[in-house]
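Q: Taking the hints into account, I'd like the entire structure generated from these sequences.
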Amino acid sequence: MDTTQRADQQRSADRRRRELLEAADRVVLRDGPGASMNAIAAEAGITKPILYRHFGDKGGLYAALAKRHTDALLDSLRAALDAPADRRERVESTLDTYLAAIEARPQVYRFLMHPAEGGSQNDQGFDTGRHSIPVLRRMGEELAQVIEERLDLGPDSHQLARVWGHGIVGMMHAAGDWWLGERPCSRADLVRSLADLLWGRLAAAGDRMGGPGF
5 MDTTQRADQQ RSADRRRREL LEAADRVVLR DGPGASMNAI AAEAGITKPI LYRHFGDKGG
65 LYAALAKRHT DALLDSLRAA LDAPADRRER VESTLDTYLA AIEARPQVYR FLMHPAEGGS
125 QNDQGFDTGR HSIPVLRRMG EELAQVIEER LDLGPDSHQL ARVWGHGIVG MMHAAGDWWL
185 GERPCSRADL VRSLADLLWG RLAAAGDRMG GPGF
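First residue of the sequence shown: 5, per our numbering; consecutive thereafter.
No lab work stands behind these hints, which were simulated from the structure alone.
Bear in mind that the values here come from a model prediction, so they are computed numbers and not experimental data.
The beta-carbon is built from N, C-alpha and C at its ideal position, and this holds for glycine as well.
There's no promise every hint is true.
The following label-pair restraints were derived from C-beta to C-beta distances [what the hints assert, rightly or not]:
| hint | residue 1 | residue 2 | range |
| --- | --- | --- | --- |
| 1 | D79 | I54 | 47 to 57 angstroms |
| 2 | E93 | V167 | 16 to 26 angstroms |
| 3 | R92 | R187 | 17 to 27 angstroms |
| 4 | D79 | G185 | 20 to 30 angstroms |
| 5 | P159 | R191 | 18 to 28 angstroms |
A: Pasting the structure below:
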């Protein structure tokens, strides 16, 4: 097989994988954490063995969907951090971007972060509880990198940036999960309250010399 044929086969496989992920997304939007491999295969018009051939198992499909949605969310968060605004406005905008994302697609959020309830004996929903931690860890590391690149936190900058990154992501996740379930206040009120909690130390930190600024 020559290089052109291999490239064509790879493009075809990539396209098919995207189509299957889009079918999975449609099921997740409908069923949330109760989405099953049976339902996804039916939505895609294929059999379950074909789905397993592309993703290995439920964990493989979950990881592919998690990467798809986490990539999109991180792109939105980076855009909020890069917006031409003062630091307080960017902090509030970043918090609001996260909360707006989980509010707009709550079933996707629940699929990524909450284990399924029920499900048939032969094809239960995804066991998302044991897979969600890597999603939060990735977001924490990404935010830590942004903080370290932009803020001068002194001699322990690397360690402190990681503490802040994972701490902020943990706060956003816990507060957002509670808010999405109970809706005790408006999104704007929650954003302001969380920004107030973060603001003291963020306001005091200087920009890193030569960095893009925060």
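Q: Run through the hints listed earlier and report the numbers of any the structure violates, in increasing order.
A: 1, 5
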